[in-house]
Amino acid sequence: MIYLKLFWAFFQIGAFSFGGGYAAMPLIRQQIIYNYQWLTMKDFTDLITISQMTPGPIAVNSATFVGNQIAGVPGAFFATLGCVLPSCLFVTFLSWAYNRYKNLSILQNILESLRPAVVSMIAVAGLDILLPAVFPSGIISFLPDEVKLRPVLYFAAALFLLQKKKKDPILVMVLCGIAEMAVQLIAPGV
Numbered sequence: 309m310i311y312l313k314l315f316w317a318f319f320q321i322g323a324f325s326f327g328g329g330y331a332a333m334p335l336i337r338q339q340i341i342y343n344y345q346w347l348t349m350k351d352f353t354d355l356i357t358i359s360q361m362t363p364g365p366i367a368v369n370s371a372t373f374v375g376n377q378i379a380g381v382p383g384a385f386f387a388t389l390g391c392v393l394p395s396c397l398f399v400t401f402l403s404w405a406y407n408r409y410k411n412l413s414i415l416q417n418i419l420e421s422l423r424p425a426v427v428s429m430i431a432v433a434g435l436d437i438l439l440p441a442v443f444p445s446g447i448i449s450f451l452p453d454e455v456k457l458r459p460v461l462y463f464a465a466a467l468f469l470l471q472k473k474k475k476d477p478i479l480v481m482v483l484c485g486i487a488e489m490a491v492q493l494i495a496p497g498v
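Our numbering applies: residue 309 is where the sequence shown begins, and numbers increase by one.
Heads up, some of the hints might be wrong.
As the list claims (entries may be wrong) - Cross-link-like lysine to aspartate or glutamate pairs, in silico, DMTMM-like; alpha carbons within 25 Å at most:
hint, residue 1, residue 2
1, Lys313, Asp354
2, Lys410, Glu420
3, Lys475, Glu454
4, Lys472, Glu454
5, Lys456, Asp354
6, Lys350, Glu454
7, Lys313, Asp351
8, Lys456, Glu420
9, Lys456, Asp351
Calculated directly from the structure, the hints in this document are not laboratory data. Fair warning: this is a prediction, and the values are worked out from it, not measured in the lab.
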């Protein structure tokens, strides 16, 4: 039964996560935290971090990770299968349909109307990761004891390096990791 639940949960994620990995994060969160209570919010944040650091799409990495956590290797298989099967089916159908009807204006209008929805899902996913890192209590408050300054500094430095200096995202992730390791070695309680 758990295999069917894993398959179905990630089938829905795979079927409705238009726009890629970041757009899938709210759907993943809904399924694994709220619908099935397989992970906590802290575990979800760790999951997204791990999914970013490993090769492959976020949704597929998440499916494999959650499936393995819940039901071992068979769970990872069924969750991953559920995640990728909708894409295989949709892409096969859409390829055929797009090649046949690509000149219709209604198709172009539909594609244009999906863009704002995808952007909003990406924004929500970013806030879902950023806010718990900065406000660990879950309440947005700017009192000194309720704000973690280090994640804000890492975020600002990463944004600067990515946008202004056009640095490689992998290099930026490694630099943030090294910075945190250095802080933990020099001042572990900070």
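Going back to the hint list, which numbers does this structure go against? 3, 4 and 8
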